[in-house]
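Number of protein chains: 4
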Amino acid sequence: MKKYSFKNDYSEGAHPNLLNALNDTNFIQTEGYSTDIFCLEASKILKNKIGKDDIDIHFVSGGTQANLIMISSALRPYESVISATTGHINIHEAGAIESTGHKINSIDTSAGKLTPELVEEILKFHTDEHMVKPKLVYISNSTEVGTIYKKHDLEALFEICRKYDLYLVMDGARLGSALTSPFNDLSLNDIANLCDMFYIGGTKNGALIGEAIIITNSKLKDDFRYHIKQKGGLIAKGRIFGIQFIELFKENLYFDLANHSNRMALKLAEGIKQLGFSFLYPPESNQIFPIFPKRLIDILLESFDFYIWKVIDEEHYAVRLVTSWATKENKIDEFLSIIQSFA
Amino acid sequence: MKKYSFKNDYSEGAHPNLLNALNDTNFIQTEGYSTDIFCLEASKILKNKIGKDDIDIHFVSGGTQANLIMISSALRPYESVISATTGHINIHEAGAIESTGHKINSIDTSAGKLTPELVEEILKFHTDEHMVKPKLVYISNSTEVGTIYKKHDLEALFEICRKYDLYLVMDGARLGSALTSPFNDLSLNDIANLCDMFYIGGTKNGALIGEAIIITNSKLKDDFRYHIKQKGGLIAKGRIFGIQFIELFKENLYFDLANHSNRMALKLAEGIKQLGFSFLYPPESNQIFPIFPKRLIDILLESFDFYIWKVIDEEHYAVRLVTSWATKENKIDEFLSIIQSFA
Amino acid sequence: MKKYSFKNDYSEGAHPNLLNALNDTNFIQTEGYSTDIFCLEASKILKNKIGKDDIDIHFVSGGTQANLIMISSALRPYESVISATTGHINIHEAGAIESTGHKINSIDTSAGKLTPELVEEILKFHTDEHMVKPKLVYISNSTEVGTIYKKHDLEALFEICRKYDLYLVMDGARLGSALTSPFNDLSLNDIANLCDMFYIGGTKNGALIGEAIIITNSKLKDDFRYHIKQKGGLIAKGRIFGIQFIELFKENLYFDLANHSNRMALKLAEGIKQLGFSFLYPPESNQIFPIFPKRLIDILLESFDFYIWKVIDEEHYAVRLVTSWATKENKIDEFLSIIQSFA
Amino acid sequence: MKKYSFKNDYSEGAHPNLLNALNDTNFIQTEGYSTDIFCLEASKILKNKIGKDDIDIHFVSGGTQANLIMISSALRPYESVISATTGHINIHEAGAIESTGHKINSIDTSAGKLTPELVEEILKFHTDEHMVKPKLVYISNSTEVGTIYKKHDLEALFEICRKYDLYLVMDGARLGSALTSPFNDLSLNDIANLCDMFYIGGTKNGALIGEAIIITNSKLKDDFRYHIKQKGGLIAKGRIFGIQFIELFKENLYFDLANHSNRMALKLAEGIKQLGFSFLYPPESNQIFPIFPKRLIDILLESFDFYIWKVIDEEHYAVRLVTSWATKENKIDEFLSIIQSFA
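Chains as they are written, first to last, in numbering that gives the first Met the number 0: chain R, 0 to 342; chain Y, 0 to 342; chain E, 0 to 342; chain X, 0 to 342.
Be careful, since some hints might not be right.
If chains are identical, the list can't say which one is meant, so a pair holds when it fits in one copy or spans any two.
[Unchecked claim] Calculated pairs, DMTMM-like style, for lysine to aspartate or glutamate (alpha carbon to alpha carbon, straight line, at most 20 Å):
id, residue 1, residue 2
1, Lys218, Asp164
2, Lys149, Glu11
3, Lys132, Asp222
4, Lys134, Glu269
5, Lys51, Glu40
6, Lys51, Glu314
7, Lys43, Asp184
8, Lys162, Asp53
9, Lys330, Glu11
10, Lys220, Asp312
11, Lys1, Asp152
12, Lys43, Asp297
13, Lys327, Glu301
14, Lys134, Asp221
15, Lys6, Glu154
16, Lys220, Asp164
17, Lys46, Glu269
Keep in mind that the hints were calculated from the coordinates and are not lab data.
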């Protein structure tokens, strides 16, 4: 690709520290399948960062895999998942959840976020054994449209889940970006206290590959490695997850990288806003959705790669711009200056 | 681990060339999900090495994943898989194939290898719609017990599969070791001509992570990426598979590494034989199964790690010794000298 | 139940002719699993009534079973089903379709009926392998809200399905009522020409138990009995389906019964309309949905059983009234006279 | 069929009492889906016959359905079922259990019966999360080869299941025949005390259609109707199960019918034995497996229908002869006299 890409946050490899660590540990012999010393060390570090000790940690190689394993492990066959219509599991996982036998009860949301009211609306509709039984609430943080859950949002979902005996599961593919958003007031510890299960995404925040599943609800811990194995998620050289997560979390790298990503996105958003353009969703993290005239989009596409997200009207589209830990600030400036020239 | 390990062939990281390549390409922006230039290049190189152009190549992160995706993609719901009782899918994948809805028809074999007679025995037993319909023959090369398929073995299976309209699928987790065995007479091209689908294992032969699925039967090619995605096997930074397979196959590294691994195993086997011990299975590749007295095993376990495989009698066990691309020759010598001291 | 029930069309047993036939044939020995002479004879009669010979006919014991077997037999794992949000498979089968691994793409409709535009809307949204691939259009005739597909409706769906290579499958749990509606212009032959698969419901139109699946698309015929068996639908004394369907179709009983059911429902609807009440959906078959004041509903519920379907406003509910082949006309009169007294 | 059939025990319809009861109750309106007064009454009667009140009872339409619903309801995704190799679920249900995602661990048995030793052999082999986790022991009584479990057999299995926290589930497709065998010392109450779940087969002992699932372990009771519905087993006119089981169990009909069936089989077995022939399995219930010369079989097949079961040697086959509640004694005599003429 000659054009600079704002298509996603997995366009580059890994942060150099992670590659160096893979290199440095390369000839140390270890056990297989994530039972090695590096995975153990990474778990210890993560427990410390999360501030909870009675949690289980597992590593898998991708987000769809994490979601399908977490969800299918928690449900009986007739139980279903509540998700925003825009939820990743509902539209961008090729039916992975249904492939494990479970229906997704989807519902339209404002800006990709579920609320207690929406959850209750679905529950009220499901009355007897002729219907599925909703049992798990799936959310993403940040959401598929870049918005984030605030502490009161998550607390409200936690309460409705306790009330109706539902599990609350968070897809954290972009959890780094959510937690370092200037609008965020949640900590990893909050999330661990409010969710039954979640995963911390590595791939989209500086890792080569790897996501860390955190199980806080002890009812969901038993035999979890069987679930991972059965779904093809147990990786022989699981050490590569441990080695990378040690680097990301032994100090503050994970948050530093996410912070850079957000800073780039929000600088871009601020610039776009000042040049007079509006947004499909409020810019809160590393995915932003400005609305541009088609002519401007054509010009921008000469130098940059990004996705057209939605037709607004005959003359305007919303586009998706994604930044990452590796985004170069001068490319942000360049992008803005093209818009400025146009405006 | 302080003790030197012969437990498996995934105890170390990756061959340095692969790590270097990951490093060198790290900041090149690419498309996601294995549609990047590296995966394209790796596919081109593999097609060249295989000597066939009309094949499809896909990358996934592990062997169980490769097996469950290949097999479930090829079968209708009531169709089943024929496998040796010792087959990896039958005992060491936690029911992954059944999890996709398919029965495995297992049958006892000599030294882990299926034969046309065994396949026919299963077919004759399955007569009507009250039973599953066997449709796919699954073999591993090398097998779970280190033996390999010779050309006439594979040709015979190919013919029986054509006769009964069955698919022939090869699990190549250790294909490198099979193809560089001194007893081997198969080429990659032969395998591509005789199998409908197979995978070339990276993880157990020098890669950090990654297996290459090769589809030769055009009936099995359609929409294969949907299958990968639905089962959680489509990886955002799929580039890491491409980058590694380029290194493994652009020249001869894949075979050189496997050759080293075999050479270490067969030196060990030869030494053990000369010291008067016998084997549970004939040593043909990088997994060997000598039968030792318990007292010798106890002594060896003080300096080495390996699995006890099978109780032979009150005084003797068969053990499994696995070498790899990274095995150090002086450790082979050390192991043999302990045996010699004992004998 | 002391109160007369308009809750559904399966409150009574079977039409006496069917019971008599079960009795008369009782001691004739037959083969099992629907390979008996009665099932063969019923198939011959049905082919004749449908006016097509190159179709396959199978019998199963219920509608959910028919739907899940038909749909799962036709799809590859990542393929999905398009259905109205109100579709039976989408809300009233406890996730049976998802249990076979397939996503339902549901979409809101007017009066429960899919249109080519709605089908295209779903297709346009599904662009690549990160999403499921819609492959089958599921409709019910009559629909879950009592409306029916007219010939031009079905022809239009047929065309869109041909255009995009989709299967068209009709749930005919209440096909008798649909085909004998005064608003109907479809024949069994039309349906067989326009659908790839459908079933003719026995249970809700005079049978004790049993539905007849008709496969018209030869691509969907192979090994269908395996699918039935695997899903638990192959019944040892399958003869009871054959015996009943012979009675229903050897002359005109099936249509006479449905006609009675419709006549009762539409007499009720006409009476209700004349008394000044409106309907949630246009009354077209044996399910009608008048909107009544709550006070009237309370009075009616003293003598009759029926479901409250939907809250319209604080003072009004829509109710569902279902008639059947066994509905007594004097109960219709009685119901209407209560309304008249109220008004 | 002009020839008299000993092929199975479902060649005829239902016992006349059941047909009469269906007739007598035909126009009584009831609730649907087995929530009607007849199913409630049948449950009450069954609880009384079983001598336990804290059990749940559900009705489904066939044995494969009963097995797949019972087993899939009890297991988590990676858990497996232990079964005799000859078990119905293992060979004669077209992969129905695997279709729900679960592996069957099959093991060769003597005369179709599992023992604690065989169960332990399987358990010992399954050591970690790379393998499935056996969780449920499936047995049939009578077995697929006509043998029965005696009280001490079942107690021993019960104990091993308690020891290893396994569920014990009995397939009672032919439970009537087992319980009325002259060799039997088990009661329904014993079975309810020793099994976590079982079903009482109606179809093969005088019913048109219908099996009664009995759940004794309260951990397995929750939401069972959801499982039935999701798998297509909830039947609109569920009343037909209730009506039939009332007739079968309100007095002693179920056992009288089974007793007749056994008496016919064992008279046949005794006659065959006296004429000098041996058996593949000991004749204990309504399925017997005599070994005949091929020439005799050819002669018998001129007047009778039955299955050839197994090739013994070039000159001899074992055949399967099945009697039922409807078997005519003069046909037994006729069959024996043909053999006598031959001998």
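Hints versus structure:
no.	hint	verdict
1	Lys218 - Asp164	both (12 Å within a copy, 18 Å between copies)
2	Lys149 - Glu11	neither (30 Å within a copy, 42 Å between copies)
3	Lys132 - Asp222	between (24 Å within a copy, 9 Å between copies)
4	Lys134 - Glu269	neither (40 Å within a copy, 44 Å between copies)
5	Lys51 - Glu40	within (15 Å within a copy, 45 Å between copies)
6	Lys51 - Glu314	neither (52 Å within a copy, 48 Å between copies)
7	Lys43 - Asp184	neither (24 Å within a copy, 49 Å between copies)
8	Lys162 - Asp53	neither (23 Å within a copy, 29 Å between copies)
9	Lys330 - Glu11	within (15 Å within a copy, 39 Å between copies)
10	Lys220 - Asp312	neither (49 Å within a copy, 39 Å between copies)
11	Lys1 - Asp152	neither (41 Å within a copy, 49 Å between copies)
12	Lys43 - Asp297	neither (49 Å within a copy, 33 Å between copies)
13	Lys327 - Glu301	within (18 Å within a copy, 53 Å between copies)
14	Lys134 - Asp221	both (18 Å within a copy, 14 Å between copies)
15	Lys6 - Glu154	neither (33 Å within a copy, 42 Å between copies)
16	Lys220 - Asp164	both (17 Å within a copy, 18 Å between copies)
17	Lys46 - Glu269	neither (36 Å within a copy, 48 Å between copies)
Comparing the model with each numbered hint stated earlier shows that hints 2, 4, 6, 7, 8, 10, 11, 12, 15, 17 do not hold.
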